[in-house]
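Participant: What follows is the residue order along each chain.
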Amino acid sequence: MKSVQELRELRERTKAALAVRDREGGPRIVVCMGTCGIAAGARDVLRSLLEELERQGRDDVTITQTGCKGLCEREPMIEVLIPGSAPVTYGSVTPDVVKQIVDDHIIKGQVVSEYAIAIGSEGN
Amino acid sequence: MRELSLHILDIARNSVEAGARNVALTVVEDPERDRLEITLQDDGRGMDAETLARVTDPFYTTRTTRHVGLGLSLLKATCEQAGGVMELTSTPGKGTLVRCVMGLSNFDRPPLGDLAAVIQSLACETEHTELVYRHIVGDSEFRLDTMEVKRELEADCLCAPPILQWLGRHVREGLHDLGSRA
Numbered sequence: 026m027k028s029v030q031e032l033r034e035l036r037e038r039t040k041a042a043l044a045v046r047d048r049e050g051g052p053r054i055v056v057c058m059g060t061c062g063i064a065a066g067a068r069d070v071l072r073s074l075l076e077e078l079e080r081q082g083r084d085d086v087t088i089t090q091t092g093c094k095g096l097c098e099r100e101p102m103i104e105v106l107i108p109g110s111a112p113v114t115y116g117s118v119t120p121d122v123v124k125q126i127v128d129d130h131i132i133k134g135q136v137v138s139e140y141a142i143a144i145g146s147e148g149n
Numbered sequence: 021m022r023e024l025s026l027h028i029l030d031i032a033r034n035s036v037e038a039g040a041r042n043v044a045l046t047v048v049e050d051p052e053r054d055r056l057e058i059t060l061q062d063d064g065r066g067m068d069a070e071t072l073a074r075v076t077d078p079f080y081t082t083r084t085t086r087h088v089g090l091g092l093s094l095l096k097a098t099c100e101q102a103g104g105v106m107e108l109t110s111t112p113g114k115g116t117l118v119r120c121v122m123g124l125s126n127f128d129r130p131p132l133g134d135l136a137a138v139i140q141s142l143a144c145e146t147e148h149t150e151l152v153y154r155h156i157v158g159d160s161e162f163r164l165d166t167m168e169v170k171r172e173l174e175a176d177c178l179c180a181p182p183i184l185q186w187l188g189r190h191v192r193e194g195l196h197d198l199g200s201r202a
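As they're listed, the protein sequences go chains A and B. Just so you know, we're using the working numbering here: the first sequence kicks off at 26 and counts up by one. Just so you know, we're using the working numbering here: the second sequence kicks off at 21 and counts up by one.
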């Protein structure tokens with residue numbers, strides 16, 4: 026692999042973030058990646074999510090995925106899970122909305138109510 | 021779906037949902053034979069003959085959240101429209117192979133699109149599912165094995181933003197160096 030050096034640097038950088046995650050469980054963002062979500066733009070939502078988190082230096086956030094949640098008309102959908110707070114499901118998420126969710130919810134802990142379609146009801 | 025990479029993500033998600041531990045994605049651009057071949061092999065739970073026969077019917081799905089499937093039927097239609105075929109092979113308990121062939125220069129073939137973002141997406145699953153991605157253009161090959169990356173990082177998964185971002189850049193550079201034009 027040509028980028029072994031880059032990987033070694035990355036290992037040092039992520040070691041701390043991964044350790045924090047193991048210890049306390051940092052924020053987690055779940056992207057819905059069913060056929061409906063993918064067709065509606067979930068992949069580009071994931072891409073902009075990663076770009077925003079990188080811009081904010083939030084190495085501690087875990088990104089996972091799930092399938093179709095049965096609300097296809099509200100795709101793309103993401104769930105934001107912050108330990109100690111109620112999980113929030115967002116619908117009709119675009120790359121611009123992602124920026125707002127990262128800035129307000131992940132950084133400041135304030136739910137972006139305009140796009141929230143369920144709070145605390147997903148049983149995560 | 022406007023890009024083949026979205027179809028790839030969709031069928032690879034099927035593999036993840038089918039409990040695959042390993043997914044092998046191979047993309048071959050063969051300008052000499054004017055062919056684009058995409059294969060996805062998994063070791064998920066597989067399908068029996070009856071399911072296999074119905075799975076490209078848009079009104080068949082195994083999911084319970086809605087009554088249409090669409091994923092594989094859309095991909096099949098895309099392949100056929102682009103002068104090609106989609107073949108499905110599956111063995112219950114062993115896994116599934118999806119093979120798509122299209123005309124590389126066919127006017128109706130959608131572009132591959134943002135494959136790097138697809139690899140980032142699949143890399144989120146590496147706690148349970150490993151990915152070996154090979155992309156071949158003529159005589160050159162780009163290869164990414166998530167198990168090797170995990171070993172190098174001494175990590176259990178790749179689902180942290182800096183790792184996923186590195187992967188995306190690594191794939192974009194790799195495909196650029198490879199001269200991928202699909």
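Derived from the structure by calculation, the hints contain no laboratory data. Just to be clear, a hint being listed does not mean it is correct.
[Said to hold, decoys possible] For each label pair, taking beta carbons as the anchor points, the in silico distance ranges come out as:
| hint | chain 1 | residue 1 | chain 2 | residue 2 | range |
| --- | --- | --- | --- | --- | --- |
| 1 | B | D68 | A | E79 | 29 to 35 Å |
| 2 | A | P120 | B | N42 | 30 to 36 Å |
| 3 | A | I132 | B | F127 | 44 to 50 Å |
| 4 | B | R154 | A | K40 | 38 to 44 Å |
| 5 | B | D50 | A | I144 | 47 to 53 Å |
| 6 | A | E31 | B | E100 | 39 to 45 Å |
| 7 | A | I132 | B | T111 | 22 to 28 Å |
[To be verified] Covered, in the sense of this in silico footprint (three residues per stretch, anywhere, with C-beta under 8 Å from a C-beta of chain A), are these stretches of chain B:
| hint | stretch |
| --- | --- |
| 8 | 56 to 63 |
| 9 | 101 to 107 |
[What the hints assert, rightly or not] Here are some of the chain A residues that sit facing chain B, going by a computed Cβ distance under 10 Å:
| hint | residue |
| --- | --- |
| 10 | T39 |
| 11 | L71 |
| 12 | R72 |
| 13 | L74 |
| 14 | Q90 |
| 15 | L106 |
| 16 | I107 |
| 17 | I132 |
| 18 | K133 |
Positions of the beta carbon are idealized from the N, C-alpha and C atoms, including for glycine.
Participant: Quick check on the hint: L106/A CB to chain B CB, less than 10 Å?
Facilitator: violated (13 Å)
Participant: Taking 10 Å as the limit, does the beta-carbon of L74/A come near enough to a beta-carbon in chain B?
Facilitator: Status holds, d = 8 Å.
Participant: Are there at least three residues in the stretch 101 to 107 of chain B whose beta carbon sits under 8 Å from a beta carbon of chain A?
Facilitator: violated (count 0)
Participant: Has the hinted range 38 to 44 Å been met by the Cβ atoms of R154/B and K40/A?
Facilitator: For R154/B and K40/A the Cβ distance comes to about 29 Å; the hint is violated.
Participant: Does the closest beta carbon of chain B sit nearer than 10 Å to the beta carbon of K133/A?
Facilitator: Check failed: Cβ of K133/A comes no nearer than 18 Å to chain B, outside 10 Å.
Participant: With a cut-off of 10 Å on the beta carbons, see whether I107/A makes it to chain B.
Facilitator: Cβ of I107/A sits 15 Å from chain B, so the hint is violated.
Participant: Against chain B, is R72/A within 10 Å by beta-carbon distance?
Facilitator: holds (4 Å)
Participant: Could you check if Q90/A really has its C-beta closer than 10 Å to a C-beta on chain B?
Facilitator: Where the cut-off is 10 Å and the nearest Cβ of chain B is about 5 Å from Q90/A, the hint holds.
Participant: Grab the minimum C-beta distance from I132/A to chain B and call the hint holds if it beats 10 Å, violated otherwise.
Facilitator: For I132/A, the interface hint is violated, since the closest Cβ of chain B sits about 14 Å away, which is over 10 Å.
Participant: Per the hint of 39 to 45 Å, is the separation of the Cβ atoms of E31/A and E100/B within bounds?
Facilitator: 41 Å Cβ-Cβ, so the 39 to 45 Å window holds.
Participant: Does the closest beta carbon of chain B sit nearer than 10 Å to the beta carbon of T39/A?
Facilitator: Holds, about 5 Å.
Participant: Given the hint of 29 to 35 Å, is the C-beta distance from D68/B to E79/A inside that range or not?
Facilitator: Given range 29 to 35 Å: violated, Cβ gap about 44 Å.
Checked against the numbered hints above, the structure breaks hints 1, 4, 7, 8, 9, 15, 16, 17 and 18 and satisfies the rest.
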